[in-house]
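2 protein chains.
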Amino acid sequence: MVSRQAARLLADTPAIAEAHFLAEAEPYDPDVRPGGYLNLGTAENRLLWDLLDGRLAALEPMTESTARYAPLHGTGVLRERIAALLSATCRTPLDAEDLVVISGATGALDAIASVLCDPGEAIVVPAPYYGAFDTDLGGRSGARILPAPLEPGDGFRLTADAVDRALKQAAAEGTTVRAVALSSPSNPLGEVHRPQVLAELLRVAAEHDVDLVSDEIYAHAVFGPHAFTSAADPAVNPHWADRTHLVWGFAKDFGLPGLKTGVLHTRDPRVRDAARAMAYFAPVSTATQHTLAGLLADPAWVASFLAAGRRRLGSSYAHLVAHLDAYRIPYVPAEAGFSVWLDLRRWLPGAGFEAEQRLWRELFETARVSILPGGAFRSPEPGWFRLCHTVEAPLVAEAVRRIAGHLGGTPADALLAPSLPSPSDPNGRRP
Amino acid sequence: MVSRQAARLLADTPAIAEAHFLAEAEPYDPDVRPGGYLNLGTAENRLLWDLLDGRLAALEPMTESTARYAPLHGTGVLRERIAALLSATCRTPLDAEDLVVISGATGALDAIASVLCDPGEAIVVPAPYYGAFDTDLGGRSGARILPAPLEPGDGFRLTADAVDRALKQAAAEGTTVRAVALSSPSNPLGEVHRPQVLAELLRVAAEHDVDLVSDEIYAHAVFGPHAFTSAADPAVNPHWADRTHLVWGFAKDFGLPGLKTGVLHTRDPRVRDAARAMAYFAPVSTATQHTLAGLLADPAWVASFLAAGRRRLGSSYAHLVAHLDAYRIPYVPAEAGFSVWLDLRRWLPGAGFEAEQRLWRELFETARVSILPGGAFRSPEPGWFRLCHTVEAPLVAEAVRRIAGHLGGTPADALLAPSLPSPSDPNGRRP
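Residue numbers (the numbering used here), protein chains in the order written: chain H, 41 to 471; chain F, 41 to 471.
Read the hints as simulated data drawn from the structure, not as lab findings.
We treat Cβ as the ideally placed atom computed from N, Cα and C, and that holds for glycine.
Hints may be right or wrong, so weigh each one.
Every beta carbon over 10 Å from chain F, so not counted as near; a handful from chain H, in silico [stated by the list, open to error]:
| hint | residue |
| --- | --- |
| 1 | 124 |
| 2 | 131 |
| 3 | 248 |
| 4 | 307 |
| 5 | 336 |
| 6 | 348 |
| 7 | 375 |
| 8 | 387 |
| 9 | 404 |
Beta-carbon label-pair distances, calculated as ranges [said to hold, decoys possible]:
| hint | chain 1 | residue 1 | chain 2 | residue 2 | range |
| --- | --- | --- | --- | --- | --- |
| 10 | H | 76 | F | 339 | 33 to 41 Å |
| 11 | H | 267 | F | 72 | 48 to 56 Å |
| 12 | H | 236 | F | 124 | 56 to 64 Å |
| 13 | F | 339 | H | 116 | 35 to 43 Å |
| 14 | H | 309 | F | 191 | 39 to 47 Å |
| 15 | F | 44 | H | 62 | 36 to 44 Å |
| 16 | F | 215 | H | 90 | 55 to 63 Å |
| 17 | H | 41 | F | 450 | 56 to 64 Å |
| 18 | F | 98 | H | 51 | 44 to 52 Å |
| 19 | H | 51 | F | 47 | 26 to 34 Å |
| 20 | H | 116 | F | 44 | 30 to 38 Å |
| 21 | F | 131 | H | 97 | 40 to 48 Å |
| 22 | H | 432 | F | 124 | 29 to 37 Å |
| 23 | F | 215 | H | 446 | 56 to 64 Å |
Quick partial rundown of chain F residues pointing at chain H, CB under 7 Å, derived from the structure [as the list claims (entries may be wrong)]:
| hint | residue |
| --- | --- |
| 24 | 44 |
| 25 | 50 |
| 26 | 97 |
| 27 | 101 |
| 28 | 108 |
| 29 | 109 |
| 30 | 311 |
| 31 | 321 |
| 32 | 323 |
Working from the sequences, and respecting the hints, build out all of it.
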């Protein structure tokens with residue numbers, strides 16, 4: 041028999057992980073396994089390895105002192121270097137003492153949720169949102185996640201009004217809300233939140249006396265015309281900095297998801313001490329911290345790596361949407377992140393989220409393409425899907441071809457099909 | 041403001057970690073800092089690095105696939121190799137599917153406690169015990185730890201009777217107990233539990249219908265005449281295997297505490313699934329898993345490494361007790377582990393655990409030796425201290441000299457002092 045807290049967690053296991061490993065077990069290969077799975081369900085950036093491996097191989101190996109006990113909220117050197125990087129990104133000096141290094145962004149989200157909430161208290165999250173937030177923020181803390189639905193007609197753009205409405209409704213229902221959480225840039229939408237929207241959101245959080253948790257794990261994955269603005273930027277956050285908590289990690293911007301290294305930034309000393317106490321249960325291997333500190337040691341290399349990553353992301357996005365446009369598959373334009381939010385509403389084989397599940401299952405089992413249904417992101421409306429394009433370009437092209445084939449579409453101008461664009465890359469990379 | 045669950049954790053932060061980092065900040069050095077701290081408080085094995093570093097340097101570097109998402113309860117290859125190692129150690133075949141790799145033995149203890157207990161339920165632990173059990177087992181799960189006091193007159197030997205008494209008392213008080221937990225070999229005592237005692241303990245657990253959590257992180261650190269017996273060994277556990285959960289890790293036997301890699305073995309499918317769900321929050325870096333899988337790849341190397349480790353431990357122990365004997369400082373003889381349980385009762389400057397705290401503080405501040413007071417191990421009686429000897433022999437000698445000096449002692453035969461033994465090592469290592 042397992043405890044009630046374990047049983048609740050078991051009932052809640054994220055579906056995303058399951059589809060990922062199924063698809064990875066039998067991957068598509070044009071020669072060996074042409075009918076294999078195309079995994080465009082996982083937000084993994086596979087466009088960066090050639091930029092990383094030489095650099096990783098050149099790092100100093102682990103030493104005796106690397107292998108010893110170190111502060112469980114992160115080594116001083118890694119925290120200093122992350123602080124330097126994020127201070128530039130957030131346009132405000134971050135203190136290494138305010139950083140807690142922990143096992144993945146999941147660990148950081150779990151820590152801040154558990155520090156802010158007791159079981160039954162709530163966190164408001166604009167929806168659609170990264171589906172694993174339910175588990176990451178609520179699974180161990182016992183917090184309830186309350187979606188603040190955004191408007192499909194508006195491309196699900198973030199508005200402070202939507203959050204305000206959700207907070208007021210929670211208050212009317214007698215629910216204690218401790219925080220608003222969001223991903224910024226957003227996942228699944230790839231929206232870069234504008235300074236004005238962030239400023240309004242922070243004003244709403246202050247009015248309702250709730251903290252803000254800003255998951256900025258895609259902070260450097262911006263390829264659109266609008267620069268990233270952090271929720272900690274004093275230009276948008278002059279008064280609520282002590283109640284604003286940032287999450288970041290190496291999974292997305294550095295394409296190192298297996299290394300499970302996340303970080304929480306918080307300025308409130310008591311929250312920080314409590315988050316350190318949480319990190320005691322989920323520390324990061326000192327060998328991995330040593331590797332990552334080495335990766336950050338040369339700011340010029342980091343800047344050029346991140347810039348190259350942004351260029352490749354932009355090319356990958358342009359390549360994807362050219363294919364979507366050719367097959368007339370609609371989507372919400374993205375400016376950041378690894379994914380595009382597809383609008384497959386017109387192809388739903390019925391009404392409601394059951395129809396969405398049916399289409400998702402058909403795409404997975406028949407077309408053998410793994411993309412994720414909007415329901416997994418608590419979409420306010422069925423028919424939307426998240427497709428991640430950060431894999432080799434031919435896989436993206438094949439996936440769109442299969443999806444379109446399944447939906448009954450052909451390229452808008454069939455004559456154009458053979459000359460569909462492949463991604464141009466300023467670094468001359470041809471995946 | 042932080043949540044009640046965070047506040048409880050903050051109130052509970054283990055004192056062990058604090059003393060460790062204070063002592064490490066100003067370490068003793070005979071030339072540079074002769075008045076520096078001698079840290080014999082931390083159970084860190086510093087006798088192994090020369091055996092490890094060549095092997096670590098020869099391992100294959102991280103590859104692209106190493107850096108990707110992997111099953112969050114551990115890569116298949118690492119679990120297979122740990123299963124092979126522990127199957128031999130435990131004298132029963134362990135299935136890699138029953139292993140959950142997680143961030144440190146702390147993570148494994150937190151996971152099993154959270155899976156078995158809801159807040160307010162209890163775990164019985166024979167005392168004295170590894171002080172961090174309070175946090176590891178109770179900090180996040182909300183479980184209460186009930187000590188089962190062992191007998192000072194008997195050298196605090198483990199008995200099933202002591203556990204039976206604690207379980208009966210808990211039942212009489214209406215407390216729901218979910219498990220008995222212990223370290224085996226024991227920490228702080230270094231006792232290798234005999235098969236008969238383990239069999240009786242398992243019978244008591246079965247009678248009371250509670251699970252057994254056996255923390256076997258020192259399984260390979262046995263230097264005495266009695267071989268290690270696992271609680272999973274069918275010879276002692278013919279009927280309670282599904283309710284027996286093992287914890288192990290690389291911190292002690294492999295001297296790699298910074299790598300924070302622990303493992304839980306459990307045969308109950310529902311407990312295992314729940315533990316996997318817990319591992320989602322505290323996974324180990326795939327780069328570190330890759331390193332550790334490489335380390336285990338050659339069973340002959342592993343066997344010879346572990347044998348050398350045991351020989352060095354035995355030498356280190358013999359060296360320590362020769363010094364203790366020379367200064368007539370009494371202790372409980374050990375057969376395993378990194379520490380010796382010192383009996384300083386006659387030097388307590390008063391009564392009770394306050395006097396023990398006072399002596400501890402004096403030893404730390406005046407003699408600048410960090411050893412840990414028995415109170416940190418929930419000792420049933422004040423006056424006992426844990427000293428870890430797994431550092432360079434001259435540091436151990438200096439520490440005993442300083443402790444004895446502070447207690448007012450001189451070598452039993454002053455003429456012998458200059459020829460106090462230094463450790464002989466079959467590998468010719470002279471630290």
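Quick rundown of the hints versus the structure:
The non-interface label for residue 124 of chain H is consistent with chain F: the shortest C-beta to C-beta separation is roughly 22 Å, beyond 10 Å. With 10 Å as the threshold on Cβ separation, the claim that residue 131 of chain H sits away from chain F holds: the shortest Cβ distance comes to roughly 28 Å. Remark: the non-interface label on residue 248 of chain H is consistent with the geometry, its nearest Cβ contact in chain F lying 15 Å away (cut-off 10 Å). Non-interface status of residue 307 of chain H relative to chain F is upheld: no Cβ of that chain comes within 10 Å, the nearest being about 14 Å off.
For residue 336 of chain H, the condition that its CB be more than 10 Å from all CB atoms of chain F holds, with the nearest at approximately 15 Å. In this structure residue 348 of chain H is separated from chain F by more than 10 Å, as the shortest Cβ-Cβ distance comes to about 16 Å. No beta-carbon of chain F comes within 10 Å of the beta-carbon of residue 375 of chain H; the shortest separation is about 25 Å. In this structure residue 387 of chain H is separated from chain F by more than 10 Å, as the shortest Cβ-Cβ distance comes to about 29 Å.
Look at residue 404 of chain H: its CB is around 18 Å from the nearest CB on chain F, clear of 10 Å, so calling it non-interface holds up. The given range of 33 to 41 Å is respected by residue 76 of chain H and residue 339 of chain F, whose C-beta atoms sit roughly 35 Å from each other. Between residue 267 of chain H and residue 72 of chain F the CB atoms are about 50 Å apart, so this pair conforms to the stated range of 48 to 56 Å. Range check, residue 236 of chain H to residue 124 of chain F: about 59 Å between beta-carbon atoms, so the 56 to 64 Å window is met.
Evaluation of the 35 to 43 Å hint for residue 339 of chain F and residue 116 of chain H yields a pass: the beta carbon distance comes to about 38 Å. Residue 309 of chain H and residue 191 of chain F have their C-beta atoms about 44 Å apart, which keeps the hinted 39 to 47 Å range intact. For residue 44 of chain F and residue 62 of chain H, the hinted distance range of 36 to 44 Å is satisfied, since their beta carbons lie about 40 Å from each other. In this structure, residue 215 of chain F and residue 90 of chain H meet the distance hint of 55 to 63 Å, their C-beta atoms being roughly 59 Å apart.
Taking 56 to 64 Å as the suggested C-beta distance range, the pair residue 41 of chain H and residue 450 of chain F conforms, at roughly 59 Å. Range check, residue 98 of chain F to residue 51 of chain H: about 46 Å between beta-carbon atoms, so the 44 to 52 Å window is met. Between residue 51 of chain H and residue 47 of chain F the beta carbon distance is about 28 Å. The supplied range of 26 to 34 Å therefore holds. Taking 30 to 38 Å as the suggested C-beta distance range, the pair residue 116 of chain H and residue 44 of chain F conforms, at roughly 31 Å.
Distance hint check for residue 131 of chain F and residue 97 of chain H: the Cβ-Cβ separation is about 41 Å, which falls inside the suggested range of 40 to 48 Å. Between residue 432 of chain H and residue 124 of chain F the beta carbon distance is about 36 Å. The supplied range of 29 to 37 Å therefore holds. Take residue 215 of chain F and residue 446 of chain H: their Cβ atoms lie about 58 Å apart, and the range 56 to 64 Å holds. With 7 Å as the threshold, the beta carbon of residue 44 of chain F comes within range of chain H, its nearest partner Cβ sitting at about 5 Å, so the hint holds.
Evaluation of the residue 50 of chain F hint against chain H yields a held restraint, the C-beta minimum of about 6 Å falling below 7 Å. The beta carbon of residue 97 of chain F is positioned within 7 Å of a beta carbon in chain H (closest approach about 6 Å), and the interface hint is therefore held. Given the 7 Å rule on beta carbons, the hint for residue 101 of chain F holds: about 6 Å separates it from the nearest Cβ of chain H. For residue 108 of chain F, the interface hint holds, the least distance from its beta-carbon to any beta-carbon of chain H being 5 Å, beneath 7 Å.
Nearest Cβ of chain H to the Cβ of residue 109 of chain F: about 5 Å, under the 7 Å cut. The hint holds. Among the interface hints, the one on residue 311 of chain F holds; its C-beta lies about 6 Å from the nearest C-beta in chain H, closer than the 7 Å criterion. A cut of 7 Å between beta carbons decides the hint on residue 321 of chain F: the least distance to chain H is about 5 Å, and the hint holds. Nearest Cβ of chain H to the Cβ of residue 323 of chain F: about 5 Å, under the 7 Å cut. The hint holds.
Going down the numbered hints, you'll see the structure goes against none, and every one checks out.
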